[in-house]
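Number of protein chains: 2
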Amino acid sequence: MSDPIVLSDDPEVLEYPFNRLDGLITPNGRFYVRNHFAVPEIDSDSWRLKVEGAVDKPLELTLDDIKSMPTRTLTSTLECAGNNRIFLTPPVKGVKWELGGASTAAWTGISLADLLNLAGVQATAAEVILEGADCGEVKEEPKPPGPIHFARSLPIAKAMEKDVLLIYQMNGEQLSAKHGFPLRAIVAGWYAMASVKWLSRIIVSETSFGGYFQTTDYAFWQRQDGHPVRVPISRMLVKAEIAYPLPNQTVERNCRLTINGAAWAGERLVAKVEISQDGGASWSPAKLVGEPVRYAWQLWEYAWLTPSAPGKITLLARATDETGETQPLEHDPDRENYMFNFCLPVRLEVR
Amino acid sequence: MSDPIVLSDDPEVLEYPFNRLDGLITPNGRFYVRNHFAVPEIDSDSWRLKVEGAVDKPLELTLDDIKSMPTRTLTSTLECAGNNRIFLTPPVKGVKWELGGASTAAWTGISLADLLNLAGVQATAAEVILEGADCGEVKEEPKPPGPIHFARSLPIAKAMEKDVLLIYQMNGEQLSAKHGFPLRAIVAGWYAMASVKWLSRIIVSETSFGGYFQTTDYAFWQRQDGHPVRVPISRMLVKAEIAYPLPNQTVERNCRLTINGAAWAGERLVAKVEISQDGGASWSPAKLVGEPVRYAWQLWEYAWLTPSAPGKITLLARATDETGETQPLEHDPDRENYMFNFCLPVRLEVR
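Residue numbers (numbering that gives the first Met the number 0), protein chains in the order written: chain A, 0 to 350; chain B, 0 to 350.
If we strip away everything but chain A, and leave its shape as in the complex, we get:
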């Protein structure tokens, strides 16, 4: 297992080798990448961030302007909304993420809310659109005309939460080109399509944004009054992943092993993690490791005595969040090719 695993070159898609999990923070060089277009070449001297739309005072800021604002650092897990897609049968379209479409970093920058307050958000504001400098053609139907920028919106209430950041440092280092230099959003607790990279424009909008990455891609069908309605993906769902043992590994019988992994629940804390060795019929609690950090994954481990007889065994891990929401055993088909939070089987050979 090299680090990271290349899933696509153009655009660049890199998977974090999740079996390398050894702490809260993912090193920058292994942090997963999901780009949609080529990395834009940005000269930070000429780069400006525009803030416009339903604001009292439109802004055009340099990187130094932003760095001179009050700093905020937050440790947060990012996860691609398609993480774990390879576990689905029959297969669905999209990047075939295994376990590593998720990583955790300490992000340093400013609160988006501080910037919005500087511009003066008008009472009619409904959403805040985050626009990246990355741009290209897309293929999925319904296909928008011509090249488009990556862009996502947040409801105004979410955008004004102090924990939505615009960051220029990742784990204490200058943000790299592939992670969004010079500035990216971190929408802690939401799937990472909301954490727009290479930010160039912030538009305060009076209407609901219907952009491609909001309605066609990174959207799903939700039932409302009996009708499936198209809804943008937002909050991360509760999930546990097993880092060790690896799928298809062979383990010795009657052996003491430590199963370990991470669990996360978006905006919520993880309350418990459990392990099943019988396909979900019975569950045993795992031990949560370290202090809980809101928005960051929770490390956990489980002291396991392997079976006394040789044969096949499947491990499942299941997380429950602080509100009692827990993982299902099956994927909700309404969500199609996104938001996989069913318990992922780790099949092992006992010898």
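Treat the hints as calculated values from the structure; they're not laboratory data.
Where chains are identical, the list cannot tell them apart; a pair therefore holds if satisfied intra-copy or between any two copies.
Restricting the straight-line Cα-Cα distance to at most 27 Å, the calculated cross-link-like pairs of lysine-lysine (BS3-like) are:
#1 K92 <-> K138
#2 K66 <-> K56
#3 K157 <-> K177
#4 K177 <-> K66
#5 K95 <-> K311
#6 K177 <-> K92
#7 K95 <-> K142
#8 K271 <-> K286
#9 K138 <-> K95
#10 K142 <-> K92
#11 K49 <-> K161
Predicted model only: the values in this text are computed from it and were never measured.
Starting from the structure of chain A, add chain B where the hints point.
Showing chain B alone in chain A's frame:
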């Protein structure tokens, strides 16, 4: 040319033979049909219309209840949002309508507003969802899960206009099964996907409806702040169609002919119709025939002296509405496979 022209059997799609245009009203037997699923079998005795959602008093009404309410009759043109699609090169997906994805009838029923006032619309209402009893699977991506009902929403302001009707009579006859028996909406001035047939449920909603026929189908990309955003199709655009001569017809040289047709502009009146014989370089006014009827097409004619020399000639008709909006010569590619209102060429042979 038989009447009507069958474009599809399952679901039933019938085109009005537009060259049969001979007055304001299209006879019921020739009125175009665009169904999406099989015609639902409805027993009018057991049928009920439900009104629910953000209302003070949910309703469940019989057909007699509805017929006992104040009656309103309106003459209105309906047009499929894909009408004239066959004229587009290169071809685009969808039913290949020629000129007859449009027809006009006198519709009798009640104002939707009267019904909504009876139920008491709450101040939080944003939209009104009209749900048909017709139901089935759809194929276009992104494909919603399972069978869905045909459903469309109107902004609350539009829904409260007195000219949005729920009708049970079409040209003085009981509404037929294929046209939506026992009750259909007529959203005058909007493309006909809004005029939901076989109405079974009206939901007053506090949010924007993201149903399939609102976001995937019968929607288009509109530019907003530089981003294409997905918008439901709504208002009909200004358009003229030539009923005579027919495309590819041969006409005698030096001959007096009357070119005739209809023009419409949705919620607006048609102010003028013009004819071009030189590809749109010069235009001559046609004569509007009869009194203008808001929401209904405007008949027009043009006394033509055919060219003195044999050869090929292309006629164009162009309508302008009362606000000065006029037809373009080319299709706006942002609208993709819907809302064709470019001037349609009628190519003729002069001999």
